[in-house]
Amino acid sequence: AQKVTQAQTEISVVEKEDVTLDCVYETRDTTYYLFWYKQPPSGELVFLIRRNSFDEQNEISGRYSWNFQKSTSSFNFTITASQVVDSAVYFCALSEFNNAGNMLTFGGGTRLMVKP
Amino acid sequence: DTGVSQNPRHKITKRGQNVTFRCDPISEHNRLYWYRQTLGQGPEFLTYFQNEAQLEKSRLLSDRFSAERPKGSFSTLEIQRTEQGDSAMYLCASSLTGTLPGELFFGEGSRLTVL
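These protein sequence lines are chains A and B, in that order.
Per the numbering used here, residue 1 is the first one in the first sequence, and the count goes up by one each step.
Per the numbering used here, residue 1 is the first one in the second sequence, and the count goes up by one each step.
Quick caveat, the hints were computed from the structure, so don't treat them as lab data.
It is possible that some hints are incorrect.
[Claimed, not checked] In silico lysine to any residue, SDA-like type, Cα no more than 25 Å apart, as pairs:
| no. | chain 1 | residue 1 | chain 2 | residue 2 |
| --- | --- | --- | --- | --- |
| 1 | A | 38 | B | 53 |
| 2 | A | 38 | A | 88 |
| 3 | A | 16 | A | 96 |
| 4 | B | 57 | A | 52 |
| 5 | A | 3 | B | 7 |
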């Protein structure tokens, strides 16, 4: 069975602070995909990033960066110089490689509040 | 608006009634997904379609739930004999075969409240 754990249920920061959202996963599969989605107050989940299990190269995209560590089953997400518009619930998700991302197992989410 | 559209956005019903939700995917997307999200939790996979074929169903989808996509375009999710435990946000998403895996486009959801 697959499981995704986001231990931080809520994080509050002041604008311009850096913040890291933690994600730990469990799977018996040797190949899999990992994802981060953002859910703003409007409720519409927005895809942020995908990583496959055989690509451990970390990525930076603007103020966002992701740290994938297969050895510790973690896929953490960092926002640098946070902004009020980053306030949302962030979900980490996992899927088997064979189902090509059609069935996602989501974590419980981390609510990020960025205060001005 | 060319995004995923869900109707109704909010439905309040009494226990035991039947409800139906509709999802209109992005027009060229051939894959359509239903997820359920309860308050404070992450979404849970229910089912997905490729064109009109229902390819996967979660064990969460009990006999009281039925999803259809008769012409491979819009989809409906019907819940019969609703129970209070069915209260949740029902999310629809779509994607296109051949695009990168897991990049789903979600609608704003249909919130069900069962009294």
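Results for each hint:
1. With a CA separation close to 29 Å, the supplied pair residue 38(A) and residue 53(B) exceeds the 25 Å bound.
2. Restraint check for residue 38(A) and residue 88(A): satisfied, since their Cα atoms lie roughly 7 Å apart, inside the 25 Å limit.
3. Only pairs whose Cα atoms come within 25 Å are accepted, and residue 16(A) paired with residue 96(A) is rejected, the gap being roughly 36 Å.
4. At most 25 Å may separate the alpha-carbon atoms for a hinted pair to count; residue 57(B) and residue 52(A) meet this at roughly 24 Å.
5. This hinted pair does not check out: residue 3(A) and residue 7(B) have alpha carbons roughly 31 Å apart, beyond 25 Å.
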